[in-house]
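S.K.: Sequence:
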Amino acid sequence: MLEKGRISPLELSVLVILFTIGTTILATPSVMTAKAHQDAWLSSLISVILCGLLAFFYVICGKAMKRETYTQYLERVYGKIIGKMLSFSYVYFGFIGACSLLYQFSNFVTTHMLVDTPLEVLNVMLALLVILVVRGGLEVLAKTGELLIPWFMFMFFALVILLIPQIEIDRLSPLYVASFRDHMSAILNFLAFAGFPLVIFLMFYPGNINRPDKTKWNFIIASLFGCVVAAILVLLCILVLGAPATTRQMFPGYVLAKTVSVFDIVERIEAVMASMWVLSIFFKTAVYFYGSVIGLADIVAVKDYRFLILPFGLLTIVFSTFIYPNVTYMTYWDSKYWVPYSMIMGFFIPLLTLCIDKIKSGFTSSKQSKGKGGQKNC
133 MLEKGRISPL
143 ELSVLVILFT
153 IGTTILATPS
163 VMTAKAHQDA
173 WLSSLISVIL
183 CGLLAFFYVI
193 CGKAMKRETY
203 TQYLERVYGK
213 IIGKMLSFSY
223 VYFGFIGACS
233 LLYQFSNFVT
243 THMLVDTPLE
253 VLNVMLALLV
263 ILVVRGGLEV
273 LAKTGELLIP
283 WFMFMFFALV
293 ILLIPQIEID
303 RLSPLYVASF
313 RDHMSAILNF
323 LAFAGFPLVI
333 FLMFYPGNIN
343 RPDKTKWNFI
353 IASLFGCVVA
363 AILVLLCILV
373 LGAPATTRQM
383 FPGYVLAKTV
393 SVFDIVERIE
403 AVMASMWVLS
413 IFFKTAVYFY
423 GSVIGLADIV
433 AVKDYRFLIL
443 PFGLLTIVFS
453 TFIYPNVTYM
463 TYWDSKYWVP
473 YSMIMGFFIP
483 LLTLCIDKIK
493 SGFTSSKQSK
503 GKGGQKNC
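Here the working numbering = 1-based position in the sequence shown + 132.
Because the hints were derived from the structure by calculation, they are not lab data. Be careful, since some hints might not be right.
Unchecked claim - Restraint ranges, calculated between C-beta atoms of paired labels, are given here:
#1 Leu307 with Asp345: 24 to 30 Å
#2 Glu252 with Arg343: 22 to 28 Å
#3 Asp345 with Ser393: 32 to 38 Å
#4 Ala196 with Phe220: 20 to 26 Å
#5 Pro250 with Val309: 42 to 48 Å
#6 Met285 with Leu446: 31 to 37 Å
#7 Leu442 with Ile353: 34 to 40 Å
Every residue gets a Cβ at the ideal spot worked out from N, C-alpha and C, and that includes glycine.
Whenever a hint applies, use it, and build me the whole structure from the sequences.
M.R.: So, in structure tokens, the structure goes:
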């Protein structure tokens with residue numbers, strides 16, 4: 133086991149919640165309304181249920197893995213050569229996820245806050261913070277999340293309450309205008325950012341949980357809770373901004389916070405939304421980065437994964453500066469390629485692996501039972 137640290141089921145829940153929320157609270161509402169229009173709230177509701185089922189699927193995968201990391205599990209099921217190839221694909225998946233989040237963070241800050249700040253400087257700042265926390269180990273990352281999540285939840289509920297006066301129910305009508313295809317497209321986009329990426333948790337779940345037998349519902353409920361937060365923000369964007377205005381905004385969640393006005397005293401609290409987003413994107417980046425480093429350490433068979441953190445972090449910083457040539461391409465790539473890519477990595481490969489493992493286990497147990505039967509007959 134590369135990581136000797138253990139985290140509690142509660143700390144796992146915190147990481148799952150913050151990871152699931154991630155980029156969804158700012159960017160996802162515009163994608164959802166672009167696909168399903170004012171019916172995006174219904175697509176979000178269905179997505180929450182599917183995210184819960186997906187989390188349950190990962191729990192089943194974790195049970196089959198026992199105390200192994202996902203890379204070790206892949207090698208056991210597929211053999212050394214194919215297993216390492218698939219393991220590297222998951223390292224790359226986490227690497228691409230971390231680079232993408234660094235770019236999105238710096239793009240958001242340079243667009244809405246620090247306009248004259250070079251994008252590279254912001255990438256380095258967030259990446260160094262991620263490297264520092266990951267170098268401290270899984271326990272440090274989890275305890276940091278446990279310390280900060282009360283503030284995150286306080287800001288979220290305060291934002292929801294302050295937005296109530298701006299709500300207009302009429303913005304939901306006409307109802308049921310989206311087709312089945314529109315809903316499916318919106319749901320898959322939601323899952324691509326909030327559901328399928330949860331597969332990266334298999335790099336340390338359940339092997340690094342101190343009470344793995346009690347983590348099942350923690351993982352499922354935490355993923356559901358994170359998705360509910362994202363779904364509430366989708367609904368609020370529709371009720372406050374309207375579906376057309378939400379679709380036109382790149383970060384509708386940030387614009388949503390600008391509409392807050394309570395007696396002309398409490399106004400423009402977009403800094404609250406920005407703080408929530410920075411917190412969640414930091415933890416999502418850190419989990420992606422940690423999972424990739426653990427997977428890479430398994431592949432190259434080093435005793436201490438911390439040896440790889442600095443070079444891998446520098447590579448992440450460099451790659452994040454040109455992962456997207458511009459914002460237009462980022463939007464296109466995320467909608468066109470990230471959805472099927474995350475579905476393959478987060479569902480189809482784990483499902484195929486689990487099926488092969490069950491078949492192999494069935495053959496092994498049948499051979500053992502036949503061998504015992506032959507010995508008794510003798």
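S.K.: Taking the Cβ atom of Ala196 and the Cβ atom of Phe220, is their distance within the range 20 to 26 Å?
M.R.: holds (21 Å)
S.K.: Is it true that Met285 and Leu446 lie within 31 to 37 Å of each other by Cβ?
M.R.: Holds, since Met285 and Leu446 (Cβ atoms, about 34 Å apart) stay within the stated range.
S.K.: Could you tell me whether the CB distance from Asp345 to Ser393 stays inside 32 to 38 Å?
M.R.: At 50 Å between Cβs, range violated.
S.K.: Please check whether Glu252 and Arg343 have a Cβ separation lying inside 22 to 28 Å.
M.R.: violated (43 Å)
S.K.: Is the gap between the beta carbons of Leu307 and Asp345 within 24 to 30 Å?
M.R.: violated (44 Å)
S.K.: Does the beta carbon distance between Leu442 and Ile353 stay inside 34 to 40 Å, or does it fall outside?
M.R.: Distance hint for Leu442, Ile353 holds at roughly 36 Å.
S.K.: When you take the CB atoms of Pro250 and Val309, is the distance between them in 42 to 48 Å?
M.R.: holds (43 Å)
The structure fails to meet hints 1, 2, 3 from the earlier list, while all remaining hints are met.
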